[in-house]
Amino acid sequence: MSDPMKIRATLQGDTADLRVLMLHPMETGQRKNSKGEIIPLHFIQSVLITHNGRTVLDAQWSQAVSRNPFLGVRIKGAKVGDKISVTWVDNKGDKRTDEVTVAAGS
Amino acid sequence: MNIVRRSFLKLAGNMAALAAAGMAGLMQSATILAAWNKAGFESKALADTLKSLGASGAAESRDIAITAPEIAENGAVVPIAVTSRIPNTQQISIVAEKNPFPLAATFDVANGAEGYVSTRIKMGQTSDVWAVVKAGDKFFTAKKEVKITVGGCG
Numbered sequence: 001m002s003d004p005m006k007i008r009a010t011l012q013g014d015t016a017d018l019r020v021l022m023l024h025p026m027e028t029g030q031r032k033n034s035k036g037e038i039i040p041l042h043f044i045q046s047v048l049i050t051h052n053g054r055t056v057l058d059a060q061w062s063q064a065v066s067r068n069p070f071l072g073v074r075i076k077g078a079k080v081g082d083k084i085s086v087t088w089v090d091n092k093g094d095k096r097t098d099e100v101t102v103a104a105g106s
Numbered sequence: 107m108n109i110v111r112r113s114f115l116k117l118a119g120n121m122a123a124l125a126a127a128g129m130a131g132l133m134q135s136a137t138i139l140a141a142w143n144k145a146g147f148e149s150k151a152l153a154d155t156l157k158s159l160g161a162s163g164a165a166e167s168r169d170i171a172i173t174a175p176e177i178a179e180n181g182a183v184v185p186i187a188v189t190s191r192i193p194n195t196q197q198i199s200i201v202a203e204k205n206p207f208p209l210a211a212t213f214d215v216a217n218g219a220e221g222y223v224s225t226r227i228k229m230g231q232t233s234d235v236w237a238v239v240k241a242g243d244k245f246f247t248a249k250k251e252v253k254i255t256v257g258g259c260g
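Residue numbers (the working numbering), protein chains in the order written: chain Z, 1 to 106; chain A, 107 to 260.
Treat the hints loosely; a few may be bogus.
Stated by the list, open to error - Partial pick of chain Z residues on the chain A-facing surface, computed with a CB cut under 10 Å:
{"no.": "1", "residue": "His42"}
{"no.": "2", "residue": "Ser46"}
{"no.": "3", "residue": "Gly77"}
{"no.": "4", "residue": "Lys83"}
As the list claims (entries may be wrong) - Which residues of chain A face chain Z? A few of them, derived with a C-beta cut under 7 Å, are:
{"no.": "5", "residue": "Trp142"}
{"no.": "6", "residue": "Phe213"}
{"no.": "7", "residue": "Ala216"}
Simulated from the structure, these hints should not be mistaken for laboratory data.
Think of the CB as a built atom: it goes at the ideal place given N, C-alpha and C, for glycine as much as any other residue.
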């Protein structure tokens, strides 16, 4: 259904710098298509990020978040190899989860 | 007799079936939305948005930094980052005051996540962008104006 997220987690000191790019149209319900019909609302409503199974971020979004949303978060106390998982759910009930392991920073 | 009556009955029957289907759909989406701050995301004025967050009358704080462009050419993609140096930051909300629905996003941070989020939002016109931070039981705000060349709501 939906395309995989691009996730990168790099360790800087004891903090993981997490960057997530989701692929989603994020329709506002205000745009019209070429026939003049309104394109219905379609947007990611909630995002959950866990670090080794513990919730670190629980977000609620509106349609005002840009198309193909970007999200940057910093997680303290992380180590190389830690598992970070990102899940989104949109207003139609579609969802997607992707996982990444923390990599050593440069 | 009475083709009109017959077609009316048929129409009425169809409408009833449609209404039933619609109700089922509504109830389903209502259960999914249970935790979503519907009142906040549907409010159209800044004061209502703050109220829905429980942040009415929040104090301004210099410990919140909003990183955003002074002029954004494309309102469809405005990068916004919020850094809160307030100890025990639990929640960060991003509010674009003059958007049709001002509240753009709320982030609850916990278990070692720093008081920092970075994302990209749409803005319809030049407006103040507010960061509303919850720490302990108190709310703090900061704002920064972002000028928009081409609106990103349409």
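These are the hints, each one checked on the structure:
Hint on Z/His42 is violated. Least Cβ distance to chain A is approximately 13 Å, over the 10 Å limit. Look at Z/Ser46: its Cβ gets to within about 7 Å of chain A, closer than 10 Å, so that hint holds up. Nearest Cβ of chain A to the Cβ of Z/Gly77: about 5 Å, under the 10 Å cut. The hint holds. Annotation: Z/Lys83 was flagged as interfacial toward chain A, and the flag is violated, the nearest CB pair being 14 Å apart, outside 10 Å.
The beta carbon of A/Trp142 is positioned within 7 Å of a beta carbon in chain Z (closest approach about 5 Å), and the interface hint is therefore held. At about 5 Å, the closest approach between the beta carbon of A/Phe213 and any beta carbon in chain Z falls short of 7 Å, and the interface hint on this residue holds. Restraint check, A/Ala216 versus chain Z: the minimum CB separation of about 6 Å is within 7 Å; hint holds.
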